[in-house]
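Take these sequences, add in the hints, and give me the full structure.
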Amino acid sequence: MHKDASLTLGESSAPPRPDIQSALFLDVDGTLLEIAAHPELVLVPKDLPAQLARLSVQREGALALISGRPLAQLDRLFQPWRGAAAGLHGLERRRADGVVDRVLDRNSAMALERLRPKLAALAASESGLRLEDKGGTLALHYRAVPHREAEIRALAEALRRDAGSVLRLIPGKMVVEFQPRSANKGQAIAAFLAEPPFTGRRPVFIGDDTTDEDGFVEIRRRGGIGIRVGLPCPTAAGYCLPNVTAVLAWLARSGLP
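Letter by letter, the sequence shown follows residues 2 to 258 of my numbering.
To be clear, the hints were calculated from the coordinates, so they are not data collected in a lab.
All C-beta atoms in this analysis are idealised placements derived from N, C-alpha and C, irrespective of residue type, glycine included.
Do not rely on the hints blindly, as some may be mistaken.
Estimated spans, in silico, between C-beta atoms of each pair [to be verified]:
1) 244 - 126: 33 to 43 Å
2) 203 - 126: 19 to 29 Å
3) 244 - 145: 44 to 54 Å
4) 253 - 110: 19 to 29 Å
5) 123 - 169: 10 to 20 Å
6) 165 - 247: 33 to 43 Å
Here is the structure:
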């Protein structure tokens, strides 16, 4: 994860007009969709799947979702569109040709298996906590008790230390997520850029949270465009958009004169 960002959203500027020659990488929750009280309660604008299809066709397929959600959830949300995508922060990745790669290693799987009952017990014993078991990652949500953030993050860090070095703990918006160190969004973007139709295109990545910073670092390393969504904060992204509405409006300009 990027820790020494030189920019904040308050210092960065609005992004340039979308370029159909670019490779477009899009986070989902907080970027394309408004964050909901529970992940299953998100609302997908009725025209968004068609818009994703249009953006993908403009780029000859060089568009990929880069999400913490499993691929199966992404497919349900955006049906009938079903394009390239990385799920679980890159632990599973569907290439543009439809082939799916999964990279959860045995040590990480065992660490998650040991951690799972501890987190389940914690969520069951504490009012306002909810465990989201994604299989390859474990997310502890505390949106209902935001005043306990410091306490919950300290508890989560203690559990992460007990789980060993194969897992990392990523704080997000009212959530902490336990993820294998073997994959992140930056690595997922790099893998796409090594394959057609992404190869040779300038990458653009839009995201809104801490888990997206690995992607922004990779984009910056390649001379691409990183766009962070939301309030001012330390980030490796060079540009900003204020909210989901602004992201959708920016994407709608793609291909326009």
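Item to check | Hints violated by the structure (listed by number, smallest first) | outcome: Of the numbered hints given earlier, those the structure breaks are 2, 3, 4, listed in rising order.
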